[in-house]
Amino acid sequence: MESTPATMKLESSWMRDKIFLGMTWGDYVRSNFTKFNAVVALILLVGIPVILYRIIFGLGPSTNLSDNNPWGIWIGFDMLCGVALAAGGFVIGTAVHIFGMKEYGFLFRPAVLTGFLGYLFAIIALTFDLGRYYRLPYPMFVSWGVSSVLFLVAWHVALYLSCQFVEWCPAIFEWLNMKKARKIFIKATLGATIFGVCLSMLHQSALGSIFLLMPEKLHPLWYSEYIPLFFFMSAVVGGIAMTIIESSASHKIFSHQIKVHDPEHLNRVTLGLGKAASVTLFAYFFMKMIGLAHGDTWSYLDTPYGYLYLVEVFGFVLLPAMIFMYAVQNNLAGWVRGCAIYTVFGIILNRLDHSIIAYNWHLAWKDRYFPSWMEVVLTITVVTIGILTFQWIMNRMPILYEHPDYEPEEH
Amino acid sequence: MDNSRRNFFRVLAGLGLSASLGGTSIARADGGLLPGYPNQFGVLVDTTVCIGCRRCEWACKEWNKLPDQMDLKEYEKDQSVFQDVRRTHANTYTVVNRFENPRDSSKPIFVKKQCMHCYEPGCASSCFVKAFTKRPIGPVTYDASLCVGCRYCMAACPFDIPAYQYDNPWTPEVTKCTFCFDRISKEGGIPACVSICPVETMTFGKRTDLIDLAHKKIMDNPGRYVNHVYGETEVGGTSWMYLSAVPFDKIGFRTDLGTTPIPTLSKPFLSLVSPVFIVVPALAMGMYSFKKRRDEIEKDEIKKALEKKEGK
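First to last, the sequence lines map onto chains A and B. Taking this note's numbering, the leading residue of the first sequence gets 1, the next gets one more, and so forth. Taking this note's numbering, the leading residue of the second sequence gets 1, the next gets one more, and so forth.
Among the hints, a few may not be true.
Said to hold, decoys possible - Lysine-lysine pairs mimicking DSSO-like chemistry, simulated, CA-CA at most 30 angstroms apart: (1) A:K187 to B:K292; (2) B:K303 to A:K187; (3) B:K309 to A:K183; (4) B:K250 to A:K217; (5) B:K299 to A:K102; (6) A:K275 to B:K304; (7) B:K77 to A:K187; (8) A:K18 to A:K275; (9) A:K259 to B:K299; (10) A:K102 to B:K107.
No wet-lab data here; the hints were simulated from the structure. Bear in mind the structure is a predicted one, so any value in this text is a computation, not a measurement.
Modelling step: build the complete structure from the supplied sequences, incorporating the hints.
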């Protein structure tokens, strides 16, 4: 098609509205010179060459992986922690769409977006860990290893990513002004949420079940028949904690987007989430104790690994459960926020204990794994790109606020 | 046709989408949980015989055309490798290690190490693209054309056998002993390492025969061996088995592996998949309609209350 001045004008105004936040190209570029972006640029400047190095020279030179330690932080942190902390979409989705907790409805879109991006970037990080990343679709389309827990993880994560995309679509179509498409996807939300609950329950626990095959490698205090349940419950906690952090942070950072910003309402919801986190953490603590008794691994408690286990279970499960409870009883929303951050560290510790610290515990120190600087940099880079994407979308799509042209979504 | 249909259902069951098939079809899925192959081959390694000449290592490299091959004479001369206990490596499918003999320090014990070719292999049950196959004649083979490089097999192997070509950026492979599948699948063929051994440390044959042989050896020479055939029951049984004069944990074997086949460990979880897809949607829909009904009643009551007010 010939581009007449009229269409060009139309196109450029579309670009200006949808992409450049209503600014001209020059203004938009200038608006991006911020301190935050300077840090981002620095990270990418180091990180992108590292990614290229990994692709060109392979896993050997870029990581500290070995035959005894086939998995490092790209699995232990990027995948295990990433997916656990991205559970907010499914937790809030269940609460809002299935249990009908309307009060939490406004958290649904940000939680789904965070969940979707969390999963997406966990998969992106995973591709760098795969020896033949270009075969990522193999478990889907080429050869089915159905006896593998990992097969389940691969399929369920892929399907769940699609579910979250469906849940996110209404916001995309509101941004693009596509009314019909939006309507269809609004209707699909309930189905996607229910299917998503099944998928989440299974793949969150399946990520723990991966370790069921390694009783000889994982320390007895962490190896348990209940690993699937532990992983599922701690992921629920992770989802709640991340929702607390994310909602509080974005209501601060993107507060200009919200017409009637009601901090009181946000605090009330935060306290509600804190209560849910407290209950789940207490339940998780008692499950852990039952696991300890069931495995009869008490004798390991008075060893260095035992101390680490006690720090994890008492310091990062029981203690935050009590802090949450105290904060809720005394209406201290700020405490709930602080405790949520603390809890996230606990979940990261738990996943790293399973995948790295208490893993291969029988090996001599010289054979143990410690990440290389390139592994750390790549992880930071992927997380940074994830945050950038989140920010880009938040600035454009109606995630935090109701789009003025549309009926509010019914929860 | 039947086969592909069965595969289809199996995948459905694996995904938990097929309600009626449930856990049983998963339990029978490939890569383990088989009743075992009674006619499969095995090798019995008598560690009291081995002299540590490492010809088996050499023959393995020669047959599999592995890199870093040396002259056989150099191999036999090089005793420095015994300083550390080695594991299998991308270019080395088998290694011989030296251990101190607690009974007689002048006579060290040499132990050959390679893939054990489990009856129900953990590597095969861990692989999400079925790159590993337990062959009815014994070997567990690997198909590089399917491998995605996730390295779960390495994590899942209780004997720490599979190794990885970490230095190959584009087409890395998992490497491990093949049990000379290409040789032993031919009539009368025996593995390269077994055929080169100058002192007959290894006996190749039907696994059931080897178990009998091993127990007979122990019975006939009570002072020579500890009363244990390593691999007879470890993780459900392995094709390669060992005899020893000293407890196995003294010569680099893990004696805490138990007799449960690795694939059975994740079976209870996998059988949960289908029930979740039945129970959770049912509960969720129940909750949802409960909530919807509650909302409707609430709306109705508000409406009635308003009408009443207006009526007045």
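Enumerated hints in conflict with the structure, sorted upward: 3, 6, 7, 8 and 10
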